[in-house]
Amino acid sequence: MFEAKVDANVLRECIESITAIVDEGKLKIAEDGLKLRAVDPANVAMVSFELQSDAFDEFRFVAKEPGAESEAEATTESRAETEIGIDFVKLLGILGIGGREEVELELDEHAQKLFTRMGSLAYTISLLDPSSLRKEPKVPELEFPVQVIIETEEFRRTIRAAEKIGDHIVLGVDGEVFYMEAEGEMDKLRLGLRKEQLIHLTPGTLHSLYSLDYISAMSKGMSHAENITLNLGKDYPLQIEFEVAEGKGKVSYLLAPRIESE
Amino acid sequence: MFEAKVDANVLRECIESITAIVDEGKLKIAEDGLKLRAVDPANVAMVSFELQSDAFDEFRFVAKEPGAESEAEATTESRAETEIGIDFVKLLGILGIGGREEVELELDEHAQKLFTRMGSLAYTISLLDPSSLRKEPKVPELEFPVQVIIETEEFRRTIRAAEKIGDHIVLGVDGEVFYMEAEGEMDKLRLGLRKEQLIHLTPGTLHSLYSLDYISAMSKGMSHAENITLNLGKDYPLQIEFEVAEGKGKVSYLLAPRIESE
Amino acid sequence: MFEAKVDANVLRECIESITAIVDEGKLKIAEDGLKLRAVDPANVAMVSFELQSDAFDEFRFVAKEPGAESEAEATTESRAETEIGIDFVKLLGILGIGGREEVELELDEHAQKLFTRMGSLAYTISLLDPSSLRKEPKVPELEFPVQVIIETEEFRRTIRAAEKIGDHIVLGVDGEVFYMEAEGEMDKLRLGLRKEQLIHLTPGTLHSLYSLDYISAMSKGMSHAENITLNLGKDYPLQIEFEVAEGKGKVSYLLAPRIESE
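Residue numbers (our numbering), protein chains in the order written: chain A, 994 to 1255; chain B, 994 to 1255; chain C, 994 to 1255.
Calculated directly from the structure, the hints in this document are not laboratory data. Wrong hints could be hidden among the right ones.
Identical copies carry no separate label here, and so any pair may be met within one copy or between two of them.
To be verified - The list that follows gives simulated cross-link-like pairs (lysine-lysine, DSS-like), each with its CA atoms no further than 30 Å apart:
| hint | residue 1 | residue 2 |
| --- | --- | --- |
| 1 | 1213 | 1181 |
| 2 | 1021 | 1227 |
| 3 | 1227 | 1181 |
| 4 | 1057 | 1188 |
| 5 | 1057 | 1241 |
| 6 | 1131 | 1083 |
| 7 | 1213 | 1083 |
| 8 | 1128 | 1057 |
| 9 | 1213 | 1157 |
| 10 | 1157 | 1057 |
| 11 | 1057 | 1213 |
| 12 | 998 | 1188 |
| 13 | 1181 | 1131 |
| 14 | 1227 | 1057 |
| 15 | 1157 | 1131 |
Fair warning: this is a prediction, and the values are worked out from it, not measured in the lab.
Between the sequences and the hints, there should be enough to build the whole structure, so can you do that?
Shown next as C-alpha cells:
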C-alpha cells in the first residue's frame, strides 16, 4: 500500500531529473522514500535518484505481507519495498497541466495502476511491467581524483554555448582552474574558472572528453538545483551530483567518457 | 451602408470565437447588430454568433432602398439586413498586427470590399461571394435534459490535459457530479466536479462522447469568457454557450456526439 | 593590434544590423572605429556600417608597421587600417548566450583569430580569409528627391502586416502624405501618414516598389533604433538610415527597386 501527497513542483523537479536520462524506469518504493537507478538505451549514461519520504507532505507505505503471494523464500527484508514500472515522460506531461497544486499519489498494486490527483483532476496511469524494463544497472566502483562544485547556471550557460560549436566538450582541471572546452571547425569556446570563482575545487591536472548530447540532457535535468558537484578523472567517467526537493532528494548522473581522436 | 467603430480586442475576441469552427462565413448585418451561423466543413460542429450594435463604439447601418436594384418582390423586411462573405482567418491575422487600437469598419457593398482602419493603417479585404459559401445551417430542435455552468479555465485545462491522452472525451453527469473523461491505451484522465464546485448543475445520470479535436478548437474560441454553459444529453449533441464583448455578444457551439465503440 | 571592450547589447545591436543583409563580411578596423560595407548574395541590398571608437568602453588599435611584411608600396595611409573576415551569424549566436555582460575583443592577426571574452567564458572564432569574401561594393551615386523620417515601430508594424498580404510593397509620397502599400489577390493594406504624423517629410509625388523579403530583413536589423530616415525616389533605390550604439554608430541600407509589372 502506497499513498502520498507532494507539492507538484517538487514532483516535477524530480521527474525532470530522471527523464534527462531515461523515459521509463523501475521506481522502488520503501518506507523511507523512493529510489531509482537506470541506464540510458545506449548504455552511456546512468541516473541514480533518491527521494526521502519527508520530501512529501504525506507518505504512507506498508509492505505486502510476506507469504501473501509467494512462499517462505521471501525474507521480510526483501519484501519491505515495492518496485513499479513508470513512463515518466507521460507523467511529466500530465503534471505540466495540473499547475502548482498538490499532487496525490495512490498505488493500486493489484491492478498495476498509479492514481494521480491534482485538485479535481484525476489521472490514472497503467504501470509498466517491470520485467519488460531494462535491469537496474550496477554502479561501477569509481574513484574520482578531482571534485569541483560550481553554480548550476554557470555550467548550464556554458553547455548552451557549446551546443552552438560542436558535438563534444572537454571538462578538466589545470592547476587551480576548472575549465570546459568545446571546439568546432572554425571556433573554440572555453570557460575557465579559478578556485575562488568556484564553490570548491580539488587542484590537479587532468581532463576528459564527453558527448555534448548527454551533458545537454543532464543540464536540463539539473535546472532547479543551485549548485552541482562534478567528480572528474583523466579520460574517466563524469559524475554529476545535485540535490532536489530542497535537499530531501539526491540525483547522481554518471557519463562514460569519449576517446579523443587526436 | 455600414460603418462602425469597435475596440480591437472586442473584435478579435468575436472573430476568434468564429474561427474556432470555420475559416470563412456569411455575416449578416442589420440595424441591431451582427449575426452569423455556420457549420464546419465536416458537418460536425456549428457556431451561432450574435453581436449587438451597442457592443460597438459607433454603429451605423442603413438598409438598401428596396427597388434600388431589384424589384417589388423584395419586401422591406428582407431588405433590412445585408449579408457579406468574410475570410475571418485573414481578418484575424491583420487584427493581430494592429495592436490595441480602435478599429473602423466600412462596407463598400457595390465593390464588395470591407475597409478596415486601425490608426493610420488601412486594410481593404475583398468580400467572398456569399453564393460560393456553404448555406447557413438549420439549427436542429434540441432539448437538453442537463445544464452545467463551469469556469472556462477549469474546462480548458482539462481539455489540454485530455489532448495528451487520447482523441475522444466523455462529458457526463453522475448524480450531483459533472465529469469529463479521456482514456488512452495506458492511462485515463478524469475531472470530477461536485455541484458546489460548479456555478450550476442539473443533477442527472447521462453522458456523451465527443471528438477531442473539435472541443479543443472550441476551447480556444472561448478563451476570453469567464464561464461557459454546457447543455448535455445522453449520446446527444453538446451545446456550449458563452458571452463575448462584455455580455453584448453571444456565441453558441453545437457538436455532434460520437458513437461509443464499446 | 586590436583590443576593445564593449557592452554586449551594443555589440549585438550592431551585428544584428549587419546580419539583416549578410551572414559574413569584411570588417575594417582603424583608430577611429569599425567600418563595413557589404552586398547581399543576390546583389539586391547593401549595408554600410560605421561604429566610432568611442562607442566602446575601451578601444586600442595600432596599425601594423609598414614594411614589416610587405614592401615600400604600402603607404602609411593604407596601413592605418586592418581588414578581417567575420562570420557575423556565428558571433551573434554566441553573444546571445553571454547575457548582458561586457564583451572583450582581441584580434590575433597573425593566427587570424578573434578572441571574445564574456565574463569567464572565452570564445575564439577563426577569421574568414578576406580574399574568399565578396569584394566591397561601390556605393552608387544617388540623389534622393524625397526624405521621410518615421518612427521605427510604425514602419516595422506595417511591414509585419504587409507580410500577411503579399510579396511586394510600395513606398511613396503623395503631396504631404507618406504611404506604404501592399496588395494581395484579395486584399490590400495601406499605411498613410500625414506630414504632422511624421518627424520629417519632403512633399512630392513619387513611389517605388520593393521586394518585401529584403525590407522584412532590414526591419529586423533596425529594431533598436527609435527613428529611421527613408530616402526615396521614383522607381528608384530605397535608402534607409538609422543610428546604433546611442548615436555612436550609423547604418545605411540600400535596396534596389522592383519593376512594377502592370
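The hints, checked one at a time:
{"no.": "1", "hint": "1213 to 1181", "verdict": "both (23 Å within a copy, 28 Å between copies)"}
{"no.": "2", "hint": "1021 to 1227", "verdict": "neither (34 Å within a copy, 44 Å between copies)"}
{"no.": "3", "hint": "1227 to 1181", "verdict": "within (21 Å within a copy, 49 Å between copies)"}
{"no.": "4", "hint": "1057 to 1188", "verdict": "neither (51 Å within a copy, 38 Å between copies)"}
{"no.": "5", "hint": "1057 to 1241", "verdict": "within (26 Å within a copy, 61 Å between copies)"}
{"no.": "6", "hint": "1131 to 1083", "verdict": "within (26 Å within a copy, 42 Å between copies)"}
{"no.": "7", "hint": "1213 to 1083", "verdict": "both (17 Å within a copy, 24 Å between copies)"}
{"no.": "8", "hint": "1128 to 1057", "verdict": "within (22 Å within a copy, 66 Å between copies)"}
{"no.": "9", "hint": "1213 to 1157", "verdict": "both (16 Å within a copy, 22 Å between copies)"}
{"no.": "10", "hint": "1157 to 1057", "verdict": "neither (52 Å within a copy, 33 Å between copies)"}
{"no.": "11", "hint": "1057 to 1213", "verdict": "neither (36 Å within a copy, 47 Å between copies)"}
{"no.": "12", "hint": "998 to 1188", "verdict": "between (42 Å within a copy, 25 Å between copies)"}
{"no.": "13", "hint": "1181 to 1131", "verdict": "neither (36 Å within a copy, 34 Å between copies)"}
{"no.": "14", "hint": "1227 to 1057", "verdict": "neither (46 Å within a copy, 43 Å between copies)"}
{"no.": "15", "hint": "1157 to 1131", "verdict": "neither (34 Å within a copy, 34 Å between copies)"}
The structure fails hints 2, 4, 10, 11, 13, 14, 15 (numbered hints given earlier, in ascending order).
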